[in-house]
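Heads up: the protein sequence lines correspond to chains A and B, in order.
Each step along the first sequence adds one to the number in the numbering used here, with nothing skipped, and position 226 is 240.
Each step along the second sequence adds one to the number in the numbering used here, with nothing skipped, and position 177 is 191.
Treat the hints with care, since some could be wrong.
Any copy, or any two copies together, can satisfy a pair, since identical chains are not distinguished.
Unchecked claim - With a cut-off of at most 30 Å between alpha-carbon atoms, the simulated DSSO-like pairs for lysine-lysine come out as follows:
no.: 1; residue 1: K167; residue 2: K101
no.: 2; residue 1: K68; residue 2: K167
no.: 3; residue 1: K48; residue 2: K128
no.: 4; residue 1: K128; residue 2: K101
The hints are simulated quantities; they were obtained by calculation from the structure and are not laboratory data.
If you want the building blocks of each chain, they are given just below.
2 protein chains.
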Amino acid sequence: MNMILLFQDDFVGAGRVRLSGQRLRHVLDVRRAKPGDELSVGLLNGDMGTATVKDISDESLEMDVSLFSPPPPALPLTLILALPRPKMLRRVFFSAGSMGVKKIFLINSYRVEKSYWQSPFISDEHIGQQLVLGLEQAKDTIMPTVQLRPRFKPFVEDELPEMARDTTAMVAHPAAAGPCPRNVSGTVVLAIGPEGGFIPYEIEKFSACGFKPVTIGERILRVETAVPYIISRLF
Amino acid sequence: MNMILLFQDDFVGAGRVRLSGQRLRHVLDVRRAKPGDELSVGLLNGDMGTATVKDISDESLEMDVSLFSPPPPALPLTLILALPRPKMLRRVFFSAGSMGVKKIFLINSYRVEKSYWQSPFISDEHIGQQLVLGLEQAKDTIMPTVQLRPRFKPFVEDELPEMARDTTAMVAHPAAAGPCPRNVSGTVVLAIGPEGGFIPYEIEKFSACGFKPVTIGERILRVETAVPYIISRLF
């Protein structure tokens with residue numbers, strides 16, 4: 015982690031935090047911090063700054079915190095992903111979190127295996143852990159929102175039209191005629207299909223909401239590669 | 015896998031292959047193929063095409079193979095990576111292989127942990143496995159070459175100047191003044207540092223060989239995210 019994310023509950027006084035658990039272990043074992051050392055910190059959904067180690071032991075760490083700079087800008091992007099294989103999902107959250115994606119929808123699709131919806135990796139706790147790690151990697155504090163939509167039809171019929179209004183809306187589709195655009199201005203809504211892609215009915219539903227099918231070429235990338243690849247091209 | 019990679023040793027007659035092991039398991043368990051089914055195949059470093067299942071059992075699979083189309087174009091890129099954490103390395107090989115990277119150098123750097131050079135994941139066998147999976151993902155047949163350079167100085171002094179000649183050479187560096195260019199034409203040599211980045215001495219050595227330090231913004235990405243992110247921007 016390049017920054018330690020702090021939560022309101024960590025504060026034990028004005029400008030003073032006390033950490034234990036995983037963050038303490040990181041500071042002790044990886045940073046090997048001593049009293050007087052400065053660490054990069056950020057407050058969840060708040061500003062970033064530095065913390066000076068005051069007191070550190072095997073049980074707890076106390077630091078004086080000074081927050082003075084805003085987090086980096088968020089990407090103007092809503093990312094809609096057909097629920098990926100659970101093992102991949104963790105890495106997708108990490109990388110999306112680190113790139114500044116703030117709105118993620120995980121949706122069902124014909125080619126999503128039903129068992130994926132039972133995975134513990136889609137619990138709020140697991141998702142939150144990966145997102146925090148992504149924020150700490152990139153030095154950002156704004157927690158993304160992740161929403162699950164286990165039914166495709168109500169999602170595309172009831173929510174998608176409003177979501178796509180006044181945006182550049184696109185669905186990544188290997189068989190699409192047009193290339194993925196570069197360096198887009200304004201807000202983007204991007205949908206990425208499951209392994210094997212969205213089925214024609216699903217592509218039609220997206221198209222009906224104004225989504226343009228776009229391709230990134232003949233190579234079929236795994237979702238964890240496709241997400242940074244497409245985001246980098248768009249922004 | 016979206017294509018099964020075949021090797022010369024798989025051929026048991028003209029246009030006839032026999033597979034066992036992992037590829038047989040994939041065809042049986044994931045594809046649930048029956049005699050008469052067609053599968054997408056490619057010959058290592060050769061053409062791609064289709065194979066028709068002739069005979070399939072728990073012990074072996076025989077297919078008639080027809081190869082008729084060339085693999086997709088390779089990226090005109092040499093990728094130089096400070097040896098990443100072994101767990102990440104596997105995913106980097108997979109994604110680099112799937113994106114069409116054909117020349118990879120893993121080099122030492124001050125901030126590379128020495129123990130990484132002892133990892134079994136940098137054996138030819140492990141690297142080869144991930145690269146094959148990447149090719150099968152993207153439908154490509156051309157095996158990338160991976161070369162290890164455990165000593166920084168001889169690499170940058172003896173090999174790098176020649177490698178960078180007549181190319182766009184750049185080193186990804188968070189503190190760089192210039193942004194990573196988009197849509198570059200010609201051959202690129204791209205160096206990506208370790209966690210924490212290259213040290214100033216290393217950046218100077220790269221600069222002396224004509225490498226321009228470039229940045230992808232204030233967010234620090236993990237190497238497995240940075241590789242697809244930067245490649246997508248460049249090509």
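Each hint tested on the structure:
In this assembly of identical chains, the alpha carbons of K167 and K101 lie at most 30 Å apart only when taken from the same copy (26 Å versus 38 Å across copies). Taking the shortest Cα distances, K68 and K167 never come within 30 Å of each other, neither inside one copy (55 Å) nor across copies (40 Å). Only between protomers do K48 and K128 lie at most 30 Å apart by alpha-carbon distance; the minimum there is 24 Å, versus 49 Å within a single protomer. For a Cα distance limit of 30 Å, the shortest separation of K128 from K101 qualifies both inside one copy, at 15 Å, and across copies, at 29 Å.
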